[in-house]
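Number of protein chains: 2
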Amino acid sequence: MSDFWISEEPLDVQVVIERVTRREAGAINTFIGTVREFTHGKRTLYLEYEAYKPMAEKKLSEIGEEIKNTWPDSKTAIVHRVGRLDITDIAVIIAVSTPHRADSYEASRYAIERIKEIVPIWKKEHWENGEKWIGDQKENKAGIPSKEAMK
Amino acid sequence: MSDFWISEEPLDVQVVIERVTRREAGAINTFIGTVREFTHGKRTLYLEYEAYKPMAEKKLSEIGEEIKNTWPDSKTAIVHRVGRLDITDIAVIIAVSTPHRADSYEASRYAIERIKEIVPIWKKEHWENGEKWIGDQKENKAGIPSKEAMK
Chain U
1 MSDFWISEEP LDVQVVIERV TRREAGAINT FIGTVREFTH GKRTLYLEYE AYKPMAEKKL
61 SEIGEEIKNT WPDSKTAIVH RVGRLDITDI AVIIAVSTPH RADSYEASRY AIERIKEIVP
121 IWKKEHWENG EKWIGDQKEN KAGIPSKEAM K
Chain S
1 MSDFWISEEP LDVQVVIERV TRREAGAINT FIGTVREFTH GKRTLYLEYE AYKPMAEKKL
61 SEIGEEIKNT WPDSKTAIVH RVGRLDITDI AVIIAVSTPH RADSYEASRY AIERIKEIVP
121 IWKKEHWENG EKWIGDQKEN KAGIPSKEAM K
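Chains U and S, in that order, give the protein sequences.
One point on numbering: in the numbering used here, the residue at position 148 of the first sequence is 148, and numbering is uninterrupted.
One point on numbering: in the numbering used here, the residue at position 18 of the second sequence is 18, and numbering is uninterrupted.
Treat each hint with caution, since some may be false.
One copy or any two copies: either way a pair holds, since identical chains are not told apart in the list.
Claimed, not checked - With a straight-line cut-off of 25 Å between C-alpha atoms, the simulated SDA-like cross-links for lysine to any residue are:
#	residue 1	residue 2
1	123	50
2	42	23
3	116	102
4	116	106
5	124	99
6	53	24
7	116	103
8	68	106
9	132	101
10	123	71
11	123	43
12	116	71
It should be emphasised that the hints constitute simulated quantities derived from the structure, not laboratory data.
Input sequences plus hints: build the corresponding full structure.
Rendered as structure tokens:
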């Protein structure tokens, strides 16, 4: 199984960390994105994530390659969940191991920013007063085509 | 139990993450420090960590307060292991949750740098060709008294 995947099941941090644990590493940075209840005072009830799975996994792998090019001593694993997520559920887990700690932070941060930029995952926010499909980032940026364009 | 503690048992990432998971958070950054086999080509066989536990836990709590002052919306948990650790074993886990991701990275990074600066934990490196007590950081810095001075 690849170290970059989309999952319909609840995510397990331990599984992702195990993918990057190795004798060469002294540092593992993990980023976990969770469903937050309030955004600018607006209450989220739950979220739905959808992805075109082959393309999303390809893009996650590409991010892994980009990280490998910039931090050759690193090992990265990324999983993104799809489906319905409730408040505090985990949407994404990134783990990066490196020999030294500074690189693990930088590579992990790079990964989450790139996910928001290029990975075609759509989020439907179910608010208290309605719902709305948006990109995984707050505003749809250039990198992610609209949900309709992918059909 | 406090969210800042010293443990003689193997560390469990899940336990630390649970301490900071909450409805207000959209981001959890976790830093895991592991025992690396090679440092500048020198092979480590295993490590021993020692701490004056009440003081070490007090200093970890202080770091938690510093983070709370700088990032008021954050929640932090830190555990540091003592005893004998083999290669790939976890020495320290930091977890910080915040509403937005940038703060979680910054606060987590702050925590590990402060641990190296002010927490009295001593590391004995068992190399292939000998052993040496050193601070938790590579060079003993001003903040951490020598092991002898703490007796």
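Discussion item. When the structure is checked against the list of hints, which entries are broken? Sort them ascending.
Written reply: Numbers 6, 10 - these are the hints that the structure violates, sorted from lowest upward.
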